[in-house]
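Asks: Here are the chains, one letter per residue:
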Amino acid sequence: MKAAAFDYVRAASIEEVCRLLAEAGDEERKIIAGGQTLVPLMAMRMARPAMLIDINHIDALKGIRREGESLVIGACTRQADVLASAEVRAAVPLLSEALSNVGHEQTRNRGTVGGSLANADPTAEIGLTTMTLGGEVSAIGAGGERRIAAAELFEGAMVTTLGADELLTAVHLPIWSAPRTGHGFHEVGIRHGDFAIAAAAVQLTLDASGTCVRIHIGVGGASPCPLRLTEIEGALTGKALDDATVEAATAAIPDLLDPQSDLHAGAEQRRRTALAMVRRSIRTARDRAAQNA
Amino acid sequence: MSDHDISLTVNGRRMTGRAEARTTLVDFLRDHLGLTGTHVGCEHGVCGACSVIMDGRPIRSCLVYAVMADGAEIRTVEGLEGADGSLSPLQDAFWETHAMQCGYCTPGMLIAATALLERNPDPSEEEIRDAIGGNLCRCTGYVQIVEAVQIAAKSMREAE
Chain A
1 MKAAAFDYVR
11 AASIEEVCRL
21 LAEAGDEERK
31 IIAGGQTLVP
41 LMAMRMARPA
51 MLIDINHIDA
61 LKGIRREGES
71 LVIGACTRQA
81 DVLASAEVRA
91 AVPLLSEALS
101 NVGHEQTRNR
111 GTVGGSLANA
121 DPTAEIGLTT
131 MTLGGEVSAI
141 GAGGERRIAA
151 AELFEGAMVT
161 TLGADELLTA
171 VHLPIWSAPR
181 TGHGFHEVGI
191 RHGDFAIAAA
201 AVQLTLDASG
211 TCVRIHIGVG
221 GASPCPLRLT
231 EIEGALTGKA
241 LDDATVEAAT
251 AAIPDLLDPQ
261 SDLHAGAEQR
271 RRTALAMVRR
281 SIRTARDRAA
291 QNA
Chain B
1001 MSDHDISLTV
1011 NGRRMTGRAE
1021 ARTTLVDFLR
1031 DHLGLTGTHV
1041 GCEHGVCGAC
1051 SVIMDGRPIR
1061 SCLVYAVMAD
1071 GAEIRTVEGL
1081 EGADGSLSPL
1091 QDAFWETHAM
1101 QCGYCTPGML
1111 IAATALLERN
1121 PDPSEEEIRD
1131 AIGGNLCRCT
1141 GYVQIVEAVQ
1151 IAAKSMREAE
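Read top to bottom, the protein sequences are chains A and B.
For the first sequence, our numbering assigns the number 1 to the initial residue and increments by one for each residue that follows.
For the second sequence, our numbering assigns the number 1001 to the initial residue and increments by one for each residue that follows.
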């Protein structure tokens, strides 16, 4: 379990990272931030980059700030710092709750928000949250800077649409400021903090009469990429979210998923678990929304 | 493939070595610096045996390349004892409750629990279990480990 040999460069700036990536030619060069996904892959020789470009010392890639109706988190911000942030908890509480399911203290202290998104593990909670909220990432490369919607970012398990010459620089998460907004996040794993067997994220807004006027539903771990369930969202919009309505509108969810079987759970178990997590998350979000009048 | 001079402050002492980029921090500590107290288990970030404190925070030293830690301050299990060689209150409590069987997970457990008690002197049982949640004990001696952390927390509060 030792990585294949590689060259290492500690980059001092975003420009240096872009230059090193642009000059790669046929050589595989990979960015390393927290390393909590990449180092295990390299230990198992599932990844053998010729060069690692360390971005941990680039301050411009760190920090949490509000930009209009979005919360912007620098790609190299540690998961532990985001989880501890009162600003995040107030603006995008769904992310705070998702992060409490991300790994363990020792991995959150190194792992970054951008690293999780760029590695695109199908069970990753940060990708699920970004997908559910309709967030975006920004990236910079030889062709300049661009924004990529979460729906366009994830291409398959561990695969994104980021170019080999591109550095993911930040994630932008919409802030829902309407009253009677609530969120829910539920996950099942072998241990708390382990890879999800299935997870669900929900954020919704109710009107004064308790009718759902806006709902986003996402599922993780049960398809190659985090999935937004827009059909189910449509079926619940304009409805009062009593348990019977939620149950009926979500019944089709297992058929919308494309889960893998592995030694932790079979595909069928993942379908059923995902359904249960969505229903639970909707109820949690609904009850919180009712209290946030 | 690049070799690097690496300088760390380990348990308050400046230590240097030279290693390939692919050398993990745990291998550097054990094989280059001779600090074999930190155990290496799964080598891919699952078991927690290699936990050390890096710049004030517990991390898994098998998931950090030593070159990435160049310039960092590291605390390992060797740094937990007092200047006179006496056991820390936590180590003492592990002794008292027999919070180890084979001892393989012990350094990682001690590091995780030390980091917990430094930021939270009065943790609940749930907080203790969460703090050691990333550390596997395959003898399944978790009950005594949790008990040891509770005893240590109490004795450290009383000594304040």
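Rather than coming from a laboratory, the hints here were simulated on the basis of the structure.
Please note that the accuracy of each hint is not assured.
[Unchecked claim] A short, non-exhaustive set of chain B residues, derived as facing chain A with CB atoms under 10 Å:
hint, residue
1, Thr1009
2, Gly1017
3, Ala1021
4, Gly1045
5, Ser1051
6, Met1068
7, Leu1087
8, Ser1088
9, Ala1112
10, Gly1134
Here the structure is a predicted model, which means the values were calculated and not measured.
Even glycine gets a Cβ: it sits at the ideal position worked out from N, Cα and C.
Asks: A closest beta-carbon separation below 10 Å is what the hint needs, so does B:Thr1009 meet it against chain A?
Replies: At about 17 Å, which exceeds the 10 Å cut-off, the nearest Cβ of chain A leaves the hint on B:Thr1009 violated.
Asks: Could you check if B:Ser1088 really has its C-beta closer than 10 Å to a C-beta on chain A?
Replies: violated (19 Å)
Asks: Is the hint on B:Leu1087 kept, meaning its closest Cβ partner in chain A is under 10 Å away?
Replies: violated (23 Å)
Asks: Checking hints one by one. Is B:Gly1045 an interface residue toward chain A, by the C-beta closer than 10 Å rule?
Replies: holds (5 Å)
Asks: Can you verify the interface hint for B:Gly1017: is its Cβ closer than 10 Å to any Cβ in chain A?
Replies: Hint violated; B:Gly1017 Cβ to chain A Cβ min 15 Å, cut 10 Å.
Asks: A closest beta-carbon separation below 10 Å is what the hint needs, so does B:Gly1134 meet it against chain A?
Replies: holds (3 Å)
Asks: Against chain A, run the beta carbon of B:Met1068 and see if the smallest gap drops under 10 Å.
Replies: holds (6 Å)
Asks: Does B:Ser1051 pass the interface check with chain A, least Cβ-Cβ distance below 10 Å?
Replies: holds (6 Å)
Asks: Go through the hint on B:Ala1021 and say holds or violated, using the shortest Cβ distance to chain A against 10 Å.
Replies: holds (4 Å)
Asks: Holds or violated: is there a CB of chain A closer than 10 Å to the CB of B:Ala1112?
Replies: Nearest chain A Cβ about 7 Å off; hint holds.
Hints 1, 2, 7 and 8 from the list above are not met by this structure, while the remaining hints are.
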